[in-house]
Structures are given as C-alpha cells and as structure tokens.
Amino acid sequence: MLKIIIITSVFVAALFLSNNIVAFFLEKFSSFQLRKIDKTEKKLDSMFININRDKLIFIYTLVPVVFGAAGLLFFGNMLFAIIGAVLGLVLPTLVLKNLEAQRKILFRNQLTDSLMILSSSLKGGLSLVQAIEMLVEESSPPVSQEFGWVLKENKVGISLDESLAKMYRRIKVKELEYIINSILVARETGGDLTKVLGRLSITMRDNRKLEDNIRTLTLQGRLQGIIMSVLPFIFIGSILTFNPKHFDIMLQSDLGKMLLVLGAFLQVVGIVLIQFFSRIKV
Numbered sequence: 195m196l197k198i199i200i201i202t203s204v205f206v207a208a209l210f211l212s213n214n215i216v217a218f219f220l221e222k223f224s225s226f227q228l229r230k231i232d233k234t235e236k237k238l239d240s241m242f243i244n245i246n247r248d249k250l251i252f253i254y255t256l257v258p259v260v261f262g263a264a265g266l267l268f269f270g271n272m273l274f275a276i277i278g279a280v281l282g283l284v285l286p287t288l289v290l291k292n293l294e295a296q297r298k299i300l301f302r303n304q305l306t307d308s309l310m311i312l313s314s315s316l317k318g319g320l321s322l323v324q325a326i327e328m329l330v331e332e333s334s335p336p337v338s339q340e341f342g343w344v345l346k347e348n349k350v351g352i353s354l355d356e357s358l359a360k361m362y363r364r365i366k367v368k369e370l371e372y373i374i375n376s377i378l379v380a381r382e383t384g385g386d387l388t389k390v391l392g393r394l395s396i397t398m399r400d401n402r403k404l405e406d407n408i409r410t411l412t413l414q415g416r417l418q419g420i421i422m423s424v425l426p427f428i429f430i431g432s433i434l435t436f437n438p439k440h441f442d443i444m445l446q447s448d449l450g451k452m453l454l455v456l457g458a459f460l461q462v463v464g465i466v467l468i469q470f471f472s473r474i475k476v
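Residue numbers for the sequence shown follow the numbering used here, so the first one is 195 and each next one is one higher.
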C-alpha cells in the first residue's frame, strides 16, 4: 500500500512538474513570437504595407506548425519535425527581409530620376518643399511614399531637416544619405542647391554605370557559384530517379540520419559561402 502511495505521489509530482515546464516554455515562446510580431508590424509600417495584426499572429503561429507537421509526415522522424518547425519560425523573417531589400533596390533605382525632378523644379523657381511636392506627384512608390511622408511630417510642424533624417533611418540607402547631406549643407551655407543636386545626379549615374559594368564582368563567377550550389541537388535527384532505395542504408540507422543532416547543413553553409565570395560590393 505504501509503495502504491509513493508511486502515485511521484507520478502526480512528475505530471505537475511537466505541466509547469510545458507552460513555462509555451509562455516564453508566446512572448518571443509577440516580440517578433511587434518588430514585423513596425517594419511593415515603415514600408507602407498594411497587414492586420491578427493575420500576422496567424501567419507566425501557423507556418511553424505546418512545416513541423510536413517534416514529421514526409520523414516520419521527430528530428525533421523540429527542423521544419525551426524553418517555419525563420521563414516569415526571411520573407520580410527580402521585401525590404527589394524595396530598397527599387527606391535606389528611382533616386537618379528623382534628383532630376528636384533639380528641374528648383530651376523653375520653386522652393525645396514645393519641389518635393512635385516629386511626390510625378514619382511612383516607394519614392512617392517616402517623400510624401516627409511632406506630411513637415505640415504638422516637424522641421524638414528632421523629416529627411527620419526618412534615412527608415530606408538606409547610401545615395539617399548623399542627397540629404547635400541638401542640409546647402541650406546651412546658402549654396546653390540646384547645381549641387545636378552634379550629384551626374555622379550617381556614373556610379550606376560602373556597377553595371562590374556586374557584367563578374557574371561568369556568379553563374559558377549558382551552378555549384544547385549541382548537389540535381545529383541527388538523378540518383533517386534511377535508384529510389539508394539512401535507404543511411535512413535505417541513427548514424546515417545524422550524417545526412550534417551533409545538408554543410551544403547550406557551402551555398552561403559561395554566394558571399562571388558577390562584389561597389
């Protein structure tokens, strides 16, 4: 009887402890996800993308579950389920970073034409604020969105210098920094802003031509990097086509599974290193 009471007490204590541990980790995970959602919401707001918070919570909750379930379903192993869940946690952040990078590229591509519009407007006798209004009317997003927000801030009493500085903090593009510094210096020293922006536009066009030439000359190296990254997957696909049971000996032992996971990890590291070394920054 005493033994039964002891076993029951140990079982209840273990159950209580496990529930507390699960509740602790769920609480930490929930707070972690909420912090990520807050950061994502701010980042999306800075990119003028409106997504309901409930949708963000749904995405950040559903994607790890789906990827974890897919790993468990296709591989029948808890390790792959954990890997899938981790990928699901990382995927929304990667998508967000890709959106931000694409927006910066588009913004950067529009800056040269934007400088020409500003310079032409100033030559026509408009003030800097009026020139920015003309730029907003003539341009498309994201330039029209960013400079339009500068105008809105200026209308509610924020100085133009501060609004331009806040725009650079939202979208950190080096050419934008040159433009803002040129405007601020010209306003402080009383210089000819029209000539400054005109010369800056010519300089930016020359830099873009130089970057295009470098991309053309390094195209072969970058293609080799892409081919070397894709080649292992093509090799594995062709092997499985001719002999679907080729990797069974690996999947039937824990050591084999560990080696496959290690190989996949090293392949990802290799792809990252190839892309890193084949990229040239101007």
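Simulated from the structure, these hints should not be mistaken for lab results.
The structure displayed is predicted, hence computed values, not measured ones.
There could be a bad hint or two in this list.
Claimed, not checked - Simulated restraints, written as ranges between beta carbons of each label pair:
hint : residue 1 : residue 2 : range
1    : Met444    : Ile421    : 20 to 30 Å
2    : Leu404    : Val466    : 45 to 55 Å
3    : Ser447    : Leu285    : 24 to 34 Å
4    : Lys360    : Leu320    : 16 to 26 Å
5    : Leu320    : Asp239    : 44 to 54 Å
6    : Lys317    : Ile374    : 19 to 29 Å
7    : Asn348    : Val280    : 39 to 49 Å
8    : Leu281    : Gln446    : 45 to 55 Å
9    : Val280    : Asp232    : 39 to 49 Å
10   : Glu235    : Val284    : 35 to 45 Å
11   : Glu235    : Val350    : 35 to 45 Å
12   : Phe429    : Leu404    : 11 to 21 Å
13   : Glu382    : Ser225    : 31 to 41 Å
Unchecked claim - Listed next, the in silico DSS-like pairs over lysine-lysine satisfying Cα-Cα at most 27 Å (straight line):
hint : residue 1 : residue 2
14   : Lys236    : Lys317
15   : Lys291    : Lys349
16   : Lys298    : Lys230
17   : Lys249    : Lys233
18   : Lys349    : Lys403
19   : Lys237    : Lys403
20   : Lys317    : Lys230
Backbone N, C-alpha and C fix where the C-beta goes; we use that ideal spot for every residue, glycine too.
Each hint tested on the structure:
Restraint check, Met444 to Ile421: a C-beta distance of roughly 26 Å satisfies the suggested window 20 to 30 Å. At about 27 Å, the CB distance of Leu404 to Val466 disagrees with the hint of 45 to 55 Å. Distance hint check for Ser447 and Leu285: the Cβ-Cβ separation is about 30 Å, which falls inside the suggested range of 24 to 34 Å. At about 23 Å, the CB distance of Lys360 to Leu320 agrees with the hint of 16 to 26 Å.
For the hinted restraint 44 to 54 Å between Leu320 and Asp239, the CB-CB distance of approximately 30 Å leaves it violated. Distance hint check: the CB atoms of Lys317 and Ile374 are about 20 Å apart, consistent with the given range 19 to 29 Å. Asn348 and Val280 have their C-beta atoms about 45 Å apart, which keeps the hinted 39 to 49 Å range intact. Taken as a hint, the range 45 to 55 Å is violated for the pair Leu281 and Gln446, whose Cβ atoms sit roughly 25 Å apart.
For the hinted restraint 39 to 49 Å between Val280 and Asp232, the CB-CB distance of approximately 21 Å leaves it violated. Between Glu235 and Val284 the C-beta distance comes to about 18 Å, which lies outside the given range of 35 to 45 Å. Distance hint check: the CB atoms of Glu235 and Val350 are about 22 Å apart, inconsistent with the given range 35 to 45 Å. In this structure the hint that Phe429 and Leu404 lie 11 to 21 Å apart at CB is violated, the actual value being about 38 Å.
Take Glu382 and Ser225: their Cβ atoms lie about 46 Å apart, and the range 31 to 41 Å is violated. With a CA separation close to 38 Å, the supplied pair Lys236 and Lys317 exceeds the 27 Å bound. Between Lys291 and Lys349 the CA atoms are separated by roughly 31 Å; this puts the pair beyond 27 Å, and the hint is violated. A hinted pair counts as satisfied when its Cα atoms are at most 27 Å apart, and Lys298 with Lys230 qualifies at roughly 22 Å.
About 15 Å separates the Cα atoms of Lys249 and Lys233, which keeps this hinted pair within 27 Å; it holds. Straight-line distance between C-alpha atoms of Lys349 and Lys403 comes to about 38 Å, which puts the hinted pair past the 27 Å bound. At most 27 Å may separate the alpha-carbon atoms for a hinted pair to count; Lys237 and Lys403 exceed this at roughly 31 Å. For the proposed pair Lys317 and Lys230, the alpha carbon gap of about 47 Å is over 27 Å, so the pair is violated.
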